[in-house]
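Heads up: the sequence shown is residues -23 to -1, 1 to 141, going by mature numbering (1 follows the signal peptide of the UniProt record, and there is no 0).
The set of hints was computed from the structure by calculation and includes no laboratory data. All C-beta atoms, glycine included, are put in the ideal place defined by N, C-alpha and C. Do not take every clue at face value.
[Claimed, not checked] Dumping the calculated DSBU-like pairs for lysine-lysine here, alpha-carbon to alpha-carbon at most 30 Å:
| no. | residue 1 | residue 2 |
| --- | --- | --- |
| 1 | Lys111 | Lys20 |
| 2 | Lys29 | Lys40 |
| 3 | Lys40 | Lys117 |
| 4 | Lys118 | Lys20 |
| 5 | Lys118 | Lys40 |
| 6 | Lys20 | Lys117 |
| 7 | Lys40 | Lys20 |
| 8 | Lys29 | Lys117 |
| 9 | Lys111 | Lys40 |
| 10 | Lys111 | Lys29 |
| 11 | Lys29 | Lys118 |
[Unchecked claim] Pair by pair, the computed Cβ-Cβ distance ranges are:
| no. | residue 1 | residue 2 | range |
| --- | --- | --- | --- |
| 12 | Thr110 | Phe(-4) | 44 to 50 Å |
| 13 | Arg67 | Lys(-19) | 56 to 62 Å |
| 14 | Glu89 | Arg14 | 20 to 26 Å |
| 15 | Thr100 | Phe(-4) | 55 to 61 Å |
| 16 | Ser95 | Ser58 | 25 to 31 Å |
| 17 | Leu17 | Arg67 | 14 to 20 Å |
| 18 | Ala(-20) | Gln38 | 39 to 45 Å |
| 19 | Arg32 | Val(-10) | 34 to 40 Å |
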Amino acid sequence: METAKLVVSILAVVLALASFVVAQHSAAKARRAEDVRNLLGDKETVAFGALKVLRDGLPPQRKSRELLIGAILQACIFERSDRARALLYRVMERERVRYGSEFRAAYQRVEETFTSMSAYGFTPEELDLRRGTKYLNVVKKVLDASFETETEEGMTGHRLQVGG
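Kindly generate the complete structure, drawing on both the sequences and the hints.
Now the structure itself:
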């Protein structure tokens, strides 16, 4: 009888641990999906999503990271808010050294999509990608940018230009 109680207790603990692990995995998956949704929403949620990625960084799992990088690039191209895009460009700037090849692959996919649309001969009323093409070029500048080396103070020498 004591053995049966012990087995039941052990099984209960194992089931509780398994349930906890599954719940944690589901919660992490939901957070990653929310991060992508934030980047594809209105300007306030895009800015919030960018701030969240700036704070937390990109996820370590390759599939999740690639999806988030794709959402970042889509938001950079289609978001109209300069402030939200500036935050997204900052994310790219901070993460491009570590994940540059993934950013370039995502950029290539977006560029191929834009290029493929030209085959249909859409009129500007049907599909106007001029603004998107402009921002696609800005994304390329951010990805290709080379910044000055660190100064003696340990700060990176960035030059900020405002206006035209």
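The hints, checked one at a time:
no.: 1; hint: Lys111 / Lys20; verdict: holds, 19 Å
no.: 2; hint: Lys29 / Lys40; verdict: holds, 19 Å
no.: 3; hint: Lys40 / Lys117; verdict: holds, 22 Å
no.: 4; hint: Lys118 / Lys20; verdict: holds, 22 Å
no.: 5; hint: Lys118 / Lys40; verdict: holds, 25 Å
no.: 6; hint: Lys20 / Lys117; verdict: holds, 22 Å
no.: 7; hint: Lys40 / Lys20; verdict: holds, 25 Å
no.: 8; hint: Lys29 / Lys117; verdict: holds, 23 Å
no.: 9; hint: Lys111 / Lys40; verdict: holds, 28 Å
no.: 10; hint: Lys111 / Lys29; verdict: holds, 26 Å
no.: 11; hint: Lys29 / Lys118; verdict: holds, 23 Å
no.: 12; hint: Thr110 / Phe(-4): 44 to 50 Å; verdict: holds, 48 Å
no.: 13; hint: Arg67 / Lys(-19): 56 to 62 Å; verdict: holds, 59 Å
no.: 14; hint: Glu89 / Arg14: 20 to 26 Å; verdict: holds, 24 Å
no.: 15; hint: Thr100 / Phe(-4): 55 to 61 Å; verdict: holds, 56 Å
no.: 16; hint: Ser95 / Ser58: 25 to 31 Å; verdict: holds, 27 Å
no.: 17; hint: Leu17 / Arg67: 14 to 20 Å; verdict: holds, 18 Å
no.: 18; hint: Ala(-20) / Gln38: 39 to 45 Å; verdict: holds, 41 Å
no.: 19; hint: Arg32 / Val(-10): 34 to 40 Å; verdict: holds, 36 Å
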